Amino acid sequence: MSSFEHLDDPQPPSLDDDRWERVRSRSHAIARRRRVTLRMVTSAAVIALVLGSTGLALVGRNQPGERVVTVGGSSTTEAVTTSSTLDPSVWVTVQVEVDDAVVNEGQNVTGTVVFDNHRSVRVALPDSVHAAAWQVAIGSGAVEPVVGWLDSAPAANRLDLAPGITRVPFVAITRQQVASCPNTALDCPALLPAGAARAWFVVDGAIEHVAIPAPVAITISGRGGPAPEPQPCPVPSPEPSMASGQYCGPVPPAGNGLGPNGECTGRETTVPCAAGVVPGKYYAFTLPGRCDGVIVFGGRRWISELPPPTSVPDMDVWMRLDPSGGLGFISPNGAVGFNPEGNAPGACTR
Amino acid sequence: MGRSEGETIDQALAGELFALAYRVGFRMLGSRADAEDVAQETVARALVRWTKVREYPHAWVARVSANMAIDVIRRRRRERRSTGERHDRVAADAFVGERIELVAALERLPRRQRDVVVLRYVADIGEAEVAQQLGCSVGTVKQHASRGLSSLRAGLDIRGWSETT
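Going line by line, the protein sequences match chains R and G. By this note's numbering, the letter at position 264 of the first sequence is numbered 264, and the numbering carries on one by one without gaps. By this note's numbering, the letter at position 147 of the second sequence is numbered 147, and the numbering carries on one by one without gaps.
Careful: at least some of the hints might be erroneous.
Facing chain R, according to a computed beta carbon distance under 10 Å, are these residues of chain G, among others [what the hints assert, rightly or not]:
hint	residue
1	L17
2	A19
3	R32
4	Q40
5	A46
6	R76
Residues from chain R that face chain G, not an exhaustive set, calculated with beta carbons under 8 Å [claimed, not checked]:
hint	residue
7	D8
8	P12
9	S14
10	W20
11	R22
12	R26
13	I30
14	Y247
Since the hints were derived computationally from the structure, they do not count as laboratory data. Model, not experiment: these values are computed from the prediction. Beta carbons are placed, not taken as given, at the ideal position from N, Cα and C, and that holds for glycine.
Please construct the entire structure, taking both the sequences and the accompanying hints into account.
See the structure below:
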């Protein structure tokens, strides 16, 4: 064991009645603020839905002539503006969109997290102090999942949100990753059981100024249960797609990079390795099997949200740059997103 | 005002968590006032989120209190820059340098490693409990702890570091 015992206070205070009362009072204040925040956001969303059909936009970016309120930024010195229909303390609202409401047992749930930064300045999410990470996690039934952050939270989940909408693809697991049970499968918890489940947006700790969305209902279909048959792939499948809940499309060929198997090395001058890729278009790409999860695509370096725990053979996939800037691949073996390198997790050694 | 969900926690358990948060805060900050502020805020937040926190309260409290302690240090740095002070304002005990180095080294660690190092070595939570409370295997904890310690040792000369596996 360590330790830092020599750094301890020799006479630490105890939680006496006075301190206990202060703690309780503070917790009430925090809870009250959370309730107010959520209520205000819910009201604004309902109003927006109602008015949406008439073409009015009450909630959204500040428009010329729109009434706004100005609040002082608590973490910046810059004054900011926000729509008058939102609680000024809410800087970012979050929505979780799942690609498919039904997944097979053990299969990943994919989708997009939509962040709406209501401020006129950039917002870092999460703040590095009170919430170390965010992710979408799947819980059985209506129970919010207990998340093993070490294993299932992608490390590159910090965001620098520009004003407006930012869409971030996610992959949420319904079984523990191999990386978390390096010695034996017995270390791993069971699959999430078939049945009703929910996709939760969860943060690692308390987070302020962010309206946490309600969980999204999904169904995990069991092997022996009444699993809905996946939609048949259209014949012929003109384009790679996961829209039917399974991979449809042509088998991805190797990429055109200069690496031994066609992987991009960074020395290429043509797409998709080099700059110039068209957002929304699928490119044949050889995914390096290195466990650091780093790739080169479109002239940039990216890092996988789910790097393999150990080096694995290269894999041919279809890679696509989302119009909103996110990167991800689909293939008969699954789908994974990437983030710009910069918030990279610790490099693996195997 | 309605009752907060956190009121299901009793004062004895809250006291245990308070002590843990205070220990983490004091080891990093060296100030009784700052450590007490950190501990009170941490336990208050734990109460608010108790339905989530209760599954692994010690790990949650240790991690949040460590993050808050780092925030205190960062805030001091900003204040120091704005006032032109040349030195960190920290508690003046015999281990000021060590505390500053510890916080700086923790800030440099990747988040995963930092979480494990904080839980294992700053909060003194055992491997099995860290693994259980974080929902991962003991092997994973060992792996991150080992890497985290190696990284810390590379930039630290702190007495008392030892690793048991």
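So, going through the hints one by one against the coordinates:
no., hint, in the structure
1, L17, "holds (8 Å)"
2, A19, "holds (6 Å)"
3, R32, "holds (6 Å)"
4, Q40, "holds (5 Å)"
5, A46, "holds (8 Å)"
6, R76, "violated (13 Å)"
7, D8, "holds (6 Å)"
8, P12, "holds (5 Å)"
9, S14, "holds (6 Å)"
10, W20, "holds (5 Å)"
11, R22, "holds (6 Å)"
12, R26, "holds (4 Å)"
13, I30, "holds (5 Å)"
14, Y247, "violated (29 Å)"
Checked against the numbered hints listed earlier, the structure breaks hints 6 and 14; every other hint is satisfied.
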